[in-house]
Amino acid sequence: MRLGSMLFISEDGFKLLLEELVSSKKVIAPVEADGFFDFKAIKHAGEASLDYTNTRLPPKRFFIPQREVVFKHYPETGVRQEPGISVETVLLAVRPCDASALSILDNILLKPPHPDPFYESRRRSTTVLSLSCAKPGEECFCNVFQTGPVRGSGEDVTLTRITGGFLAELRSERGRLLVNGFRSLFEKAVSEHLEEYGELSRRLTGEMEGRIKTVGEQLVKLEEKLGDEYFQQAAQRCLECSLCSFVCPVCYCFDTEDYLEKNTYVRAKGWDTCASPFFTRMASGLDPRTSRVDRFCHRFCHKLSRIPLAFNAYGCVGCGRCVSLCPTGVDIREVLKRWG
Amino acid sequence: MSRAEDELRSIARSLLENRVVELVLGYERYGRSVRPCFVSKPEEAGRLVWSPECWFNLAKYLRSLRGRRVGVVAKGCDGRSIVELVNENQVDRGSIIVIAVECTGVNRPVKYGSTGAASIPAEYCGRCVSRVSPVADYLVKADVQGPPEESPGATVHASDWLSLFAKCLKCSACVKACPLCYCTECSIEGFKPDLVHRLRDSKELFTFHLTRALHMAGRCVECGACESACPVEIPLTRLYHELNEWFRENYSYVPGSRIGEAPPALVFKEDG
Amino acid sequence: MGLNPYAPKPARIVRVKDEAPDTKTVTLSPNHLGGFTPGQFAMLTVYGVGEAPFSICSSPFDKDSLQFSIRRMGSVTRMVHEARVGDEVGVRGPYGRGWPVESMSGRDILMVGGGIGLAPLRSLVLHLLGERDKYGEIAVCYGARTPSLLMYRDEFDEWAGRGVKLYLTVDVGEEGWDGSVGVVTTILGKPLLNKAEAIVCTCGPPVMIRFVLKRLVELGYSKENIYASLESRMRCGIGKCGHCHFGGKHVCLDGPVFQYGEMASLPRGISPF
Amino acid sequence: MAWKPRVIVFTCWCSSSGVDQAGFEGFTYPPNVSTIRVPCSAIINPSLIVKAFEKGADAVLVTACRPSELRSVAPSRITEARVSLLRRLLKTIGVEEDRLRILWISSNEGGLFSREVSRILGEVERLGPLNIGGRMVEQG
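So the sequence lines, in the order shown, correspond to chains A, B, C and D.
Read in order, the letters of the first sequence are residues 70 to 409 in this note's numbering.
Read in order, the letters of the second sequence are residues 679 to 950 in this note's numbering.
Read in order, the letters of the third sequence are residues 21 to 293 in this note's numbering.
Read in order, the letters of the fourth sequence are residues 337 to 476 in this note's numbering.
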């Protein structure tokens, strides 16, 4: 079984696979709770539910927790303690856009000379199984960045539901090893499987292409467009809360805080947002981004031009969470339509 | 296009043409929903819309627009938060033209990834104190009369609140959407010495939400902007309603009812 | 697990010297950073309070101690000012790209400092004086708001004695000050250097850098030899936290020292143009 | 080791001398009761009482001077209102309101203070541990 080969697993085979995985590894899957789907560690296969548009929150927190202690210092003994390695995990049924977000985060957080060891240990111990979309959500635009709707770029195995079961495409060595462990449940994919797969991706991409067309290279020159009237107008609405950054699968900016807790000096690292007026404000009060418009422009410029320049990958996967959840309707698609 | 929308647009157009105001705060169509908009030219007044999707409280922007003559579209609760802001000396009534719209209840947006409709009637509108703003320079009557559709909304038992708080991301959308949450150094934002760390710590969400509730008690007009802005849909308005009940019982005071009335949460009176 | 980049290494304060009413130079030992280039910075941790980036102002040849000149400004700096000899702090680094020392041999060098901006330049001066004859003329133009705010005053004579031409100015004079009064751009014309070839390094408040760069070009210094050290809020120092990311460049990785051309491409706000 | 309720007592200036007097008269309250002395009961920010609950307190008491004994009734009225409001909030979110109480203790009523504390300790023991921190973490 080479990488990229397509296998087929029946519906019952998949249930068996899930049972096996839950008993041997920590499995995280979408679970429904009061009308919404969110990722949760599941105890048995029945809890996972796979017919959903997307989870409300991305799986980012399993790789970059919202708060993690990165350093402890015990003054009396001078002992310094650094957290250990994480446990073997399977992340099931991630949408292709969220999986692509992981490969973007790899470009950023694993880039030498200083890869982030906390992210690396979680990423190396997690096998990601993505599940292709059946129907694009209202605010989805993953076609713009080719991060879905059928195949992402950060997953180890791409699952696609077709009649009678799932197609499984091996995308990485880690995925191949996982599937190899349950070889008996899989069989070679046959031509009508592949036909249905091709038909699904044509239908989905066609449906989405009508919304916003695939992005061109001009976006990287967004830097010069910052004086545009659009940004002055749209920035007035922004409330400068942290919602868009906290629900974004790619936002990686973090803040650190040091404090004393029961005679132990602790340094924690956790999610931050560039919308906050304190993000670039220095202790002297000097701030390279003094106005709300500057910060508003940075958010779009960072994702669509600055991350590409520094880490050669777009900082957005078109999942639509920020578009749907923003209380005042700030919408990145308007920037894409205007300068995409 | 409803009669109310038409009337609203003509009021805004005349206010801008006669330079009575520099800016009109209103709502504009946006995809399936509606969002706040800032209209500064008369010919742009056509962007203004009115529908039950207009849940956001535009009074939030008034403090940052202080010193400028501004027109603002206001529901009953928005108007009461303007009264509260005036009573707390945050904005001056003279520079605000209130375009009061008779409200028949708003729809709360149901968020990303939900299996239901795009929005459902807001449960907090069932407890509305006044459909029309207590302060108004212009009044736009509602198209359809009659009470808003009742939306029962899931009942929240006392024991649910801790698990509701635990869902919170500490993204501060509730704090930033609330017109009455305007402290420059907020005690729960994480300024040192910090009551609550700047980074979300699940233990501290208890202090975060209870402190915000205490600071809302006797001031909150229950406009529901916090609840509708919350990405994990914590029914905050219900929590603040309980504390407003305490103020109604002890001081028979309803926030935002009359300009000049000293809010008991802020002003101590011997006989109070 | 890989090396934890966020964990500082312990170092003790061995000396505290008052440079100016609001600025102290702390000397830390041991020097965990090993070799560093002048102009690089390190992240200084005050346990339980916080962490902040500071340019290293000691000489790279000094293998067993490190010096930082710190102005009292925020929570971390206030605690450093209240720290006493013997207290332990955390250090990690060195981070960032320093002054272009490898292309300096045999050429004239002009350093233009403003206020606390002289700290990273002092590291360069001490580096150059380590092998004085490798370089041509060395001149320092240094300005501060008032004479009492001039840093390293006790070292100026030694610098001059070992072949550094020193030009000082203050924005506002005090009695007993007979030197020049005016902003630092007014004395940029004084050093007689081979302007086309000379390398210029400048550091100071952003407004000063903006006018110094303009003046330098007017005086005939060539743009590709002009370098400036910019300042930004930093939380990690290793290009991961996003706070110093401006226009595709990280101040903590691609800077803090930037060449004239690179600064022109930085976005408004961080770029001195 | 049997669970002992953790109780925090904010004592205002006048009533704290009453509390000390109780100490002289041989009343020793158990170690898990800590007193925090404040210049006046009205200075107690209700958020600090909330923080005490988050940090592990099973009950919080606020001692204040009786309104009748003060030149101005303001401080005791304000404290009374704040404690009553916070009790309503605690009740709303499922925390028994009797875990927070105000005690009118004047400067010479040490005995009353000690009797009240022992009585309340008994009640809190019946209410059981509150453990806000633990419950928030395991649901988070």
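If you are wondering where the hints come from, they were derived from the structure by calculation, not from laboratory data.
Bear in mind that the values here come from a model prediction, so they are computed numbers and not experimental data.
Please note that the accuracy of each hint is not assured.
[Stated by the list, open to error] Covered stretches of chain C (chain A as the covering partner; in silico rule of three or more C-beta atoms under 8 Å from a C-beta of chain A):
#1 37-47
#2 85-99
#3 228-237
#4 246-259
#5 266-278
[To be verified] Distance condition first, Cα-Cα at most 25 Å in a straight line; then the derived BS3-like pairs of lysine-lysine:
#6 Lys406/A with Lys789/B
#7 Lys331/A with Lys427/D
#8 Lys340/D with Lys845/B
#9 Lys845/B with Lys112/A
#10 Lys95/A with Lys845/B
#11 Lys331/A with Lys719/B
#12 Lys109/A with Lys719/B
#13 Lys947/B with Lys109/A
#14 Lys215/C with Lys141/A
#15 Lys719/B with Lys204/A
#16 Lys391/D with Lys331/A
#17 Lys870/B with Lys387/D
#18 Lys180/A with Lys44/C
#19 Lys210/C with Lys234/C
#20 Lys789/B with Lys294/A
#21 Lys947/B with Lys340/D
#22 Lys331/A with Lys29/C
#23 Lys340/D with Lys819/B
#24 Lys427/D with Lys870/B
#25 Lys870/B with Lys210/C
#26 Lys881/B with Lys391/D
#27 Lys789/B with Lys141/A
#28 Lys845/B with Lys387/D
#29 Lys870/B with Lys331/A
[What the hints assert, rightly or not] Per the computed footprint, the stretches of chain B lying under chain D, defined by three or more beta-carbons under 8 Å from a beta-carbon of chain D, are:
#30 878-884
#31 889-898
Backbone N, C-alpha and C define an ideal beta-carbon position, used for all residues, glycine too.
Hints, verified against the model:
Coverage of a stretch by a chain is defined here by at least three residues with a beta carbon nearer than 8 Å to that chain's beta carbons; for the stretch 37-47 of chain C and chain A the count is 0, and the condition is violated. Taking a C-beta to C-beta cut-off of 8 Å, the stretch 85-99 of chain C contributes 5 residues in contact with chain A, enough for the three needed, and the coverage statement holds. Closer than 8 Å: that is the beta-carbon criterion, and the stretch 228-237 of chain C has 0 residues meeting it against chain A, so the requirement of 3 is violated. Closer than 8 Å: that is the beta-carbon criterion, and the stretch 246-259 of chain C has 7 residues meeting it against chain A, so the requirement of 3 holds.
Only residues whose C-beta sits within less than 8 Å of a C-beta in chain A count toward coverage, and the stretch 266-278 of chain C has 5 of them, enough to reach three; the restraint holds. Between Lys406/A and Lys789/B, the direct Cα distance comes to roughly 23 Å. Compliance with the 25 Å bound is thereby established for this hinted pair. At most 25 Å may separate the alpha-carbon atoms for a hinted pair to count; Lys331/A and Lys427/D exceed this at roughly 30 Å. A distance of roughly 30 Å separates the Cα atoms of Lys340/D and Lys845/B; the hinted pair therefore is violated under the 25 Å criterion.
Distance check on the hinted pair: Lys845/B and Lys112/A sit about 20 Å apart at the alpha-carbon level, within 25 Å; holds. Between Lys95/A and Lys845/B, the direct Cα distance comes to roughly 22 Å. Compliance with the 25 Å bound is thereby established for this hinted pair. Only pairs whose Cα atoms come within 25 Å are accepted, and Lys331/A paired with Lys719/B is rejected, the gap being roughly 59 Å. Annotation: proposed proximity of Lys109/A to Lys719/B is violated, straight-line Cα distance about 50 Å (limit 25 Å).
Only pairs whose Cα atoms come within 25 Å are accepted, and Lys947/B paired with Lys109/A is rejected, the gap being roughly 52 Å. For a cut-off of 25 Å, the pair hint linking Lys215/C to Lys141/A is broken: about 52 Å separates their Cα positions. Between Lys719/B and Lys204/A, the direct Cα distance comes to roughly 41 Å. Violation of the 25 Å bound is thereby established for this hinted pair. With a C-alpha separation of about 12 Å, the suggested pairing of Lys391/D with Lys331/A holds against the 25 Å cut-off.
At roughly 15 Å between alpha-carbon atoms, Lys870/B and Lys387/D fall within 25 Å of each other, so this suggested pair holds. Distance hint between Lys180/A and Lys44/C is unfulfilled; the C-alpha atoms sit about 36 Å from each other, more than 25 Å. With a C-alpha separation of about 16 Å, the suggested pair Lys210/C and Lys234/C falls inside the 25 Å cut-off, and the hint holds. Between Lys789/B and Lys294/A the alpha-carbon distance is near 31 Å, which puts this suggested pair outside the 25 Å criterion.
Of the pairs offered as hints, the one joining Lys947/B and Lys340/D is violated, with about 41 Å between alpha carbons and a cut-off of 25 Å exceeded. For the given pair, Lys331/A sits about 21 Å from Lys29/C by alpha-carbon distance, which is consistent with the 25 Å threshold. Between Lys340/D and Lys819/B the CA atoms are separated by roughly 62 Å; this puts the pair beyond 25 Å, and the hint is violated. Note on Lys427/D and Lys870/B: the hinted pairing is violated, with a Cα-Cα distance of about 30 Å set against a maximum of 25 Å.
Taking the CA atoms of Lys870/B and Lys210/C, the gap is about 47 Å. The hint is violated against a cut of 25 Å. With a C-alpha separation of about 9 Å, the suggested pair Lys881/B and Lys391/D falls inside the 25 Å cut-off, and the hint holds. Distance restraint check for Lys789/B and Lys141/A: the Cα-Cα separation of roughly 39 Å exceeds the 25 Å cut-off, and the hinted pair is therefore not satisfied. The hinted pair formed by Lys845/B and Lys387/D meets the criterion: a straight-line CA distance of about 19 Å does not exceed 25 Å.
Annotation: proposed proximity of Lys870/B to Lys331/A holds, straight-line Cα distance about 18 Å (limit 25 Å). Evaluation of the coverage hint for the stretch 878-884 of chain B: fulfilled, as 5 residues show C-beta separations to chain D shorter than 8 Å, against a requirement of three. For the stretch 889-898 of chain B, the stated coverage by chain D is satisfied: 4 residues place a CB nearer than 8 Å to a CB of that chain, which reaches the threshold of 3.
Hints 1, 3, 7, 8, 11, 12, 13, 14, 15, 18, 20, 21, 23, 24, 25 and 27, counting from the list given before, are not met by this structure.
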